[in-house]
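Peer 1: Sequence:
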Amino acid sequence: MKLAWNIALRFLKSSKSQTVLIILGIAIGVSVQIFIGSLIDGLQVSLVDKTIGNSSQVTIVPSDKGNYFDADDKFLEKLNKDKEITAVSKSLDSSAFLTIDDDAYPILFRGMEFASANKIYNFEEKLIEGKIPSSNKEVMLGKDLIEDLKVKIGDTLDIVTADGKKEKVKLTGMYDLKVKAINESWIISNLKTAEDMFSREGKLSSIETQVKEVFKADIIAERIEKDLDSNLKITNWKEQNEELLSGLTGQSASSYLIQVFILLAVLLGIASVLAISVVQKSRQIGILKAMGIKNSDASLIFLFQGLMLGIIGSIIGTVLGLALTFIFSNFVKNGDGTHLVPFYYFARKTSCPCGRGCKGFKLGEFDTPLT
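Residue 226 in my numbering is what sits at position 234 of the sequence shown, and the numbering runs on without skipping anything.
Fair warning: there could be bad hints in the mix.
Restricting the straight-line Cα-Cα distance to at most 30 angstroms, the calculated cross-link-like pairs of lysine-lysine (DSBU-like) are [to be verified]:
1. Lys123 - Lys111
2. Lys204 - Lys225
3. Lys225 - Lys70
4. Lys230 - Lys135
5. Lys184 - Lys82
6. Lys157 - Lys135
7. Lys118 - Lys82
Think of the hints as simulated: they come from the structure by calculation, not from any bench.
Please put together the full structure from these sequences, using the hints given.
Peer 2: Rendered as structure tokens:
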């Protein structure tokens, strides 16, 4: 076997230009495969992150729309201790109107406990002016709503509840959750302010959570549902984003198909090279057989040639593919300067239907991104 290895190495060295071209061809094929795979990973991570990265992934709400339920401390404590849940936030929401002069604007008034809600919505990062409400009768509005109303931080706003109750609140902050519909409709305050405004002390309209494994949200929801009272129901992001999941699956299927054909082309290239090499080296092989080399050893010579070419080409192609992905992710950016496609590599498989670990951001299934 050692003899076959040494002869294979000498054959490769004897035709250096041919060897370099073959390795280059393999490297290009592998690099394209790596580039496409990494690019699709990054796109899927970015898409999922934008969709559910800063929102509730498993939500508990009343069975009847518009109703409220009691805040069960034991149940909340159980959720907080659940190892598959990373954040639990109580919320009291109600429709209301924000009045400016003679105009009334429909809004959703949301009362939250910011210490826990921040783990889901990341308000500290999304706050672009002012401060997060810390006292009663303080609120923050979305960037788009503030621009439409032409109000500013420190202004006093008039809120009219659905039952006609009027309240004055102070605008202390402006947020941008990157979703126009939310920025135009949510008025956010602490839980106590919402309880007082809507006379719902000790009541909740929802319990919002985020989970470690986003693509297991439906399984986690089914497990939690067993402990729920009959007046409550549970929803998860997968139920609400079926089209997104279908798109991810189709995108991955296309990616895999392309990568399979690329790898087939590389394999056929190696096989063709070996076949040509056999013809080219037939004279030398004849001499070696006359000297007593066995047929099995002669076959090993060309197998070792293919092995060396494949290993060297794959290593170079992997480095080249990762370099291309890194360059693409760093130089192709959105208008606001953020990366169009984040750079993720060597994703481990999870229960994601697209077959990839679509769990970047705060979910920990990807190896550390370089950006």
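Peer 1: Quickly compare the C-alpha distance for Lys118 and Lys82 to 30 angstroms and report which way the hint goes.
Peer 2: Judged against 30 angstroms, a Cα distance of about 19 angstroms means the pair holds.
Peer 1: So if I understand the rule, the pair passes when the alpha-carbon distance is 30 angstroms or less; does Lys225 with Lys70 pass?
Peer 2: holds (17 angstroms)
Peer 1: Are Lys230 and Lys135 close enough, with their CA atoms no more than 30 angstroms apart?
Peer 2: holds (28 angstroms)
Peer 1: Within 30 angstroms, alpha carbon to alpha carbon, are Lys184 and Lys82?
Peer 2: Distance of about 11 angstroms is within 30 angstroms: holds.
Peer 1: Quickly compare the C-alpha distance for Lys123 and Lys111 to 30 angstroms and report which way the hint goes.
Peer 2: holds (17 angstroms)
Peer 1: Starting from Lys157, check that the Cα of Lys135 is at most 30 angstroms away, please.
Peer 2: OK: Lys157 and Lys135 at ~26 angstroms, within 30 angstroms.
Peer 1: Are the Cα atoms of Lys204 and Lys225 separated by 30 angstroms or less?
Peer 2: holds (21 angstroms)
In summary, this structure violates none of the numbered hints.
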